[in-house]
Amino acid sequence: MRNIYLCTLSILLGIASAMATEREVSIPTSWGTIYGTLATPTEGSDTAVVIIAGSGPTDRNGNSGLNLNTYAYKMLSEDLVAEGLAVLRYDKRAIGLSHYPTEDIPNVLFDDYVDDAKVCVEFLRAEGYSRIILLGHSEGGLISLLVATAEDIEVDGIVLLSAAGFPMDEILRWQLSEQLMPTHIGLMVTANNLILKLKSGERIAQESIPKELLSLFHPNVQPFIINQMNYDPREVAARCSKPMLIVAGGRDIQVTVANGEALHQAQPKATYVIFENMSHVMKDSLTTDRIEQIVSVYTNSQLPLTEGLSSTIAQFINNI
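Residue 1 is where the sequence shown starts when you use our numbering, and the numbers rise one by one after that.
It is worth saying that the hints were derived from the structure and are not from the lab.
Heads up, some of the hints might be wrong.
Computed beta-carbon distance windows for the label pairs [what the hints assert, rightly or not]:
#, residue 1, residue 2, range
1, L109, G65, 17 to 25 Å
2, H99, E122, 15 to 23 Å
3, P182, S301, 28 to 36 Å
4, L213, G44, 46 to 54 Å
5, N318, K211, 49 to 57 Å
6, T33, A258, 36 to 44 Å
7, P304, A258, 24 to 32 Å
8, P210, E235, 26 to 34 Å
9, I320, G32, 26 to 34 Å
10, E292, D111, 35 to 43 Å
11, D152, G32, 17 to 25 Å
12, N318, D111, 25 to 33 Å
Predicted model, so just to flag it, every value in this text is computed and none were measured.
Just so it is clear, CB atoms sit at the ideal spot from N, CA and C, and this is done for glycine as well.
Make the full structure from the sequences, and use the hints.
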C-alpha cells in the first residue's frame, strides 16, 4: 500500500510541475544586468507579480550567505503560479547573479533599488503582461511603495509583506534595543548617536564606530542608509492610490505588527491581514524568542509557508 501511495504522489507532483514553467531571464540596465526567474502557468496569464526581496544579501529565492535558508520566495512563487499568476523574482543589484563592480558598491543607494524595480516592471510590460502587481517583502515593501507612487511607471496593485511602517532610523533603534538592552546600555547609546548623525546626512568615520556595530554602520553602507532614512513609509502609503494588501506576522521578530498597523492607519483603504503565528520569513514559528526562532525557522528550508498566506495574496490580486 505504501508503494502505491508513493507512486501516486510522484504522479501528482509530476502533474503539478508540468503545470508551470520557469525560465531564467536577463534584464539589461544602465549599470549591467539584473538576473531573475520568470515562472508562468502553462495556460498563460495576463497578470505578473514582481517579488522584491528584503534587506541584506537576500537572493531571489529568499536565501543568503548569512545562514538564511528558507526558499520562501521560491515557494511563494510556486504557489502563486498554481493560482494562475506569472511571477518574476530577481536578484537585486550586487546580490546573487546580478553582479556589480566591487569598487562601486559603496555608492549604491536605496533609490537605485527603486530604479531597478521599475526596469523589472518595464521588462514585464514588454513581455506582454497587462497587469503587474508589486509584492515587496520587508525592505522590498518601501521599494514597492516608491515604485507604485512614481509618475514615470504604472503598476496595478501592491502587496506589502512584513514591510516596515516606520522610517529606517526608528526601525534600527527598535531592533537594536531588542538586542542590546538592558545589558549593553552604553553600546545602545552609541548606536543611537550614530543613527542621529546618519539621519542628519552626516557620514561617520570607521574608527568612530565600535566593532560590534561596524557591520551595520560600515562606511560602505552609510550612503545607502542615509538615502533610505529620507523616506517615511507611512507618508508614501498615504499617497498611494493603487489597490493595496498589507500582511503582517504576529511572531515577526524583525518587523512587528505595529508596522502593519501604521501602514494601515496611513492608508485605511488598504486590505490588512494578520497571520498570528507567521514569522518574518513567511513561515510559522512556535516562539518569539529571537535565537530560537532563527535556529528553528530562518535556517529550515523544509518548513512550509504560513497556511493561507499564498491564497490570501492570490485572492487579493485576482479581485483587483
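Structure-based check of each hint:
1. L109 with G65: 17 to 25 Å: holds, 22 Å
2. H99 with E122: 15 to 23 Å: Holds: the Cβ-Cβ distance is about 21 Å, inside 15 to 23 Å.
3. P182 with S301: 28 to 36 Å: holds, 35 Å
4. L213 with G44: 46 to 54 Å: Because 50 Å falls inside the window, the suggested range holds.
5. N318 with K211: 49 to 57 Å: Taking Cβ atoms as reference, N318 and K211 lie about 50 Å apart, which means the hint holds.
6. T33 with A258: 36 to 44 Å: holds, 38 Å
7. P304 with A258: 24 to 32 Å: holds, 26 Å
8. P210 with E235: 26 to 34 Å: holds, 32 Å
9. I320 with G32: 26 to 34 Å: For G32 against I320, whose Cβ atoms are near 33 Å apart, the range 26 to 34 Å holds.
10. E292 with D111: 35 to 43 Å: For E292 and D111 the Cβ distance comes to about 37 Å; the hint holds.
11. D152 with G32: 17 to 25 Å: For D152 and G32 the Cβ distance comes to about 21 Å; the hint holds.
12. N318 with D111: 25 to 33 Å: The hint (25 to 33 Å, Cβ to Cβ) holds, given that N318 and D111 are roughly 32 Å apart.
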